[in-house]
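Assemble chain P onto chain B, guided by the hints.
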Amino acid sequence: MTAVRCVDLCKTYCQGDQDIKALDHVSIEIAESGFVCLSAPSGGGKTTLLNAIGGLDIPDSGEVYVAGQRIDNLSKGALAELRLRQIGFVFQAYNLIPVLTARENVEFVMQVQGVAAADRHEKSTAILKEVGLEGLEDRRPAEMSGGQQQRVAVARAIASKPSLVLADEPTANLDSKTSDELMELFTHLNEHHKTTFVIATHDRRVMKYARRLIRMLDGRIVDDIDQRAA
Amino acid sequence: MSIVLRLAWRNLWRQPRRTWLTTGAMVFSNLLLVFMMSLQFGMYGLMIDNTLQVFTGHLQVQAPGYKDDQKMRQTVADVLPLADAIRAELGSDRVAARGWAFALASSEERSFGIGIYGVETVFEPQVSNIPGLVSDGRYLASNDAAEIVIGKVLARNLRVAVGDELTLLGSGVDGSFAAAVVNVVGIFDSGVKDIDRNIAEMPIATFQETFFLDGAGHQIAIVADNLDAVPEIQSRVRSVLPSDGDLLVLDWNELQPGLKQAIQADMGSNFFMYFVLVVLVAFSVLNTQLMSVLERTREFGIVMALGLKPGRLGRLVILETAMMGLMGTGLGIVAGGLLTLWFTGNGLSLPGMDEMAAQFNLPARMYPEVSALSLLAGPLVVFLFTMLAAVYPALRLRWQNPVEAMRAA
Numbered sequence: 001m002t003a004v005r006c007v008d009l010c011k012t013y014c015q016g017d018q019d020i021k022a023l024d025h026v027s028i029e030i031a032e033s034g035f036v037c038l039s040a041p042s043g044g045g046k047t048t049l050l051n052a053i054g055g056l057d058i059p060d061s062g063e064v065y066v067a068g069q070r071i072d073n074l075s076k077g078a079l080a081e082l083r084l085r086q087i088g089f090v091f092q093a094y095n096l097i098p099v100l101t102a103r104e105n106v107e108f109v110m111q112v113q114g115v116a117a118a119d120r121h122e123k124s125t126a127i128l129k130e131v132g133l134e135g136l137e138d139r140r141p142a143e144m145s146g147g148q149q150q151r152v153a154v155a156r157a158i159a160s161k162p163s164l165v166l167a168d169e170p171t172a173n174l175d176s177k178t179s180d181e182l183m184e185l186f187t188h189l190n191e192h193h194k195t196t197f198v199i200a201t202h203d204r205r206v207m208k209y210a211r212r213l214i215r216m217l218d219g220r221i222v223d224d225i226d227q228r229a230a
Numbered sequence: 231m232s233i234v235l236r237l238a239w240r241n242l243w244r245q246p247r248r249t250w251l252t253t254g255a256m257v258f259s260n261l262l263l264v265f266m267m268s269l270q271f272g273m274y275g276l277m278i279d280n281t282l283q284v285f286t287g288h289l290q291v292q293a294p295g296y297k298d299d300q301k302m303r304q305t306v307a308d309v310l311p312l313a314d315a316i317r318a319e320l321g322s323d324r325v326a327a328r329g330w331a332f333a334l335a336s337s338e339e340r341s342f343g344i345g346i347y348g349v350e351t352v353f354e355p356q357v358s359n360i361p362g363l364v365s366d367g368r369y370l371a372s373n374d375a376a377e378i379v380i381g382k383v384l385a386r387n388l389r390v391a392v393g394d395e396l397t398l399l400g401s402g403v404d405g406s407f408a409a410a411v412v413n414v415v416g417i418f419d420s421g422v423k424d425i426d427r428n429i430a431e432m433p434i435a436t437f438q439e440t441f442f443l444d445g446a447g448h449q450i451a452i453v454a455d456n457l458d459a460v461p462e463i464q465s466r467v468r469s470v471l472p473s474d475g476d477l478l479v480l481d482w483n484e485l486q487p488g489l490k491q492a493i494q495a496d497m498g499s500n501f502f503m504y505f506v507l508v509v510l511v512a513f514s515v516l517n518t519q520l521m522s523v524l525e526r527t528r529e530f531g532i533v534m535a536l537g538l539k540p541g542r543l544g545r546l547v548i549l550e551t552a553m554m555g556l557m558g559t560g561l562g563i564v565a566g567g568l569l570t571l572w573f574t575g576n577g578l579s580l581p582g583m584d585e586m587a588a589q590f591n592l593p594a595r596m597y598p599e600v601s602a603l604s605l606l607a608g609p610l611v612v613f614l615f616t617m618l619a620a621v622y623p624a625l626r627l628r629w630q631n632p633v634e635a636m637r638a639a
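Going down the list, the protein sequences come from chains B and P. With the working numbering applied, the first sequence corresponds to residues 1 to 230, in that order. With the working numbering applied, the second sequence corresponds to residues 231 to 639, in that order.
Chain B extracted, bound-state conformation (with noise of 0.2 Å):
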């Protein structure tokens, strides 16, 4: 079973005079419970190509599909209950709500999706106790390290167990040790929960956890290495 297939995306941008393109008829397909890594340099597409698998971005032409449904062609309100319900999403900088704790921003999108106040304590509570958060439940992010900060984004990407989990630079703002802590959460999740893992990065410490490593270079697939194989 495909968890997501990109048929022949297509994405510009202008910059001033310049039309840049960021996506330059890509094609993949990620497998169910993949771990797969996007490399590119800057500006080399592979945000924009997460963007559009998880419905933030639409392509200029092409066709995404995530779980077998179209969704280039989804509503708004479509796509947004599309990424509530299927698609966790963690980002380079944490973003987490500064004024929740670390339970309450986890809880904020088991809210939303309307699961019931005991269930969400109950869920929240084995969740930041599998991300390694036990006893720091109550804590702002201001009073959390990045990593653990990082650690309660992942918690709230994985809350509504959503069958895709798309990271952008996961681990920039990490120190190595961190990164690698992060990168065996994310393996164990991958392995335990059989969540798809797309992770768009430069590290190359982050590479080596990937299954299978797709390189970006101007908008284009350039290269997409099995590394079991290899």
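None of these hints come from the bench; they were simulated from the model. One or more of the hints may lead you astray.
[Said to hold, decoys possible] Some chain P residues close to chain B (C-beta under 10 Å, calculated; not the full set):
id	residue
1	SER232
2	ARG236
3	TRP239
4	ASN241
5	TRP243
6	ARG244
7	ARG528
8	ILE532
9	ALA535
10	LEU538
11	LYS539
12	PRO540
13	GLY541
14	ARG542
15	PRO632
16	MET636
[What the hints assert, rightly or not] A few chain P residues facing chain B, derived, Cβ under 10 Å:
id	residue
17	ILE233
18	VAL234
19	LEU237
20	GLY531
21	GLY537
22	ASN631
Every residue gets a Cβ at the ideal spot worked out from N, C-alpha and C, and that includes glycine.
Using the frame of chain B, we list chain P on its own:
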């Protein structure tokens, strides 16, 4: 408490100084509105009571057309028995029959045209405060005495004092020549020059005899305990009127249309001021909420990326505004209510207000009147405008693209 409520509440206190400043503006305007409206309503009540208690009363029984023409022949027949019947029906002494005629009043030195009221000497003090304003001499003693009380200005103009005689010349109800000689027994000082210059009162029986009214009069004045009781009294008085007659029972608004118009004009100008105040507060809220939304653009982009629909975010902004608005409304009502209550007991007097107040039949010291309307109307309008001010920042989120929002600094 729901996370959304917690989030909204905590968002308010991200910038506590800004929230307090905006809430403070709401509290101040609500305080001002509660106090000013209470003072205004209290002033109107006093204005109406004081104006009506001078002479008019809350209700009058008259012949049709008399209010506009005041012709001698538009009479109320058997006015004294009718006044008795009304007193019996209402169980109140605040009912008095009157007659009115124009006459030339002459002293030894001068003559002036004046309006003369024939009054029931026992009951007139119950419906008018003129008898209580006699500053020299006394008020009329009996219904058939040949005596008169006149205003201070008229006494000065005629150059008469208590004990002097006046000759009255006029027309009787049948058009015949009417004349009487009466003793000045009292001089009143109402403070209203028109009344003090043009009005005189004499006993009703003497008046009826002088002007050949044969038991008739021109009006029966009735005073109610308060304005709210007027409609009920009006219908009870109607039930006492003879079924074959076509007498009218006019209320204070029909008798003194200018009074209501003056109040409405004053309300109009005051409400314009209140409106300006409310709009200023609304702009302050708009500014606060817009700033609050703009500085959280990136955060909103993130939660939209997580799957929150813009409408839900808009509702969050509305909820934050409602919380701030409720705080401003609650504190404003309490502060305004306490301030008003204090002045309700102690009154408010501004330097130089005495003369202006007298022109409107108001005392020099004003007393606000606290009511549910004066306490809630202003703050509710402020709250409504506060919520309206949140609509634009909330709607703005609908057009926000999550990717662009996340790029915001």
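Results of checking the hints against the structure:
no.: 1; hint: SER232; in the structure: 7 Å, holds
no.: 2; hint: ARG236; in the structure: 7 Å, holds
no.: 3; hint: TRP239; in the structure: 9 Å, holds
no.: 4; hint: ASN241; in the structure: 6 Å, holds
no.: 5; hint: TRP243; in the structure: 8 Å, holds
no.: 6; hint: ARG244; in the structure: 6 Å, holds
no.: 7; hint: ARG528; in the structure: 8 Å, holds
no.: 8; hint: ILE532; in the structure: 4 Å, holds
no.: 9; hint: ALA535; in the structure: 5 Å, holds
no.: 10; hint: LEU538; in the structure: 6 Å, holds
no.: 11; hint: LYS539; in the structure: 5 Å, holds
no.: 12; hint: PRO540; in the structure: 8 Å, holds
no.: 13; hint: GLY541; in the structure: 8 Å, holds
no.: 14; hint: ARG542; in the structure: 7 Å, holds
no.: 15; hint: PRO632; in the structure: 5 Å, holds
no.: 16; hint: MET636; in the structure: 8 Å, holds
no.: 17; hint: ILE233; in the structure: 5 Å, holds
no.: 18; hint: VAL234; in the structure: 7 Å, holds
no.: 19; hint: LEU237; in the structure: 6 Å, holds
no.: 20; hint: GLY531; in the structure: 9 Å, holds
no.: 21; hint: GLY537; in the structure: 3 Å, holds
no.: 22; hint: ASN631; in the structure: 8 Å, holds
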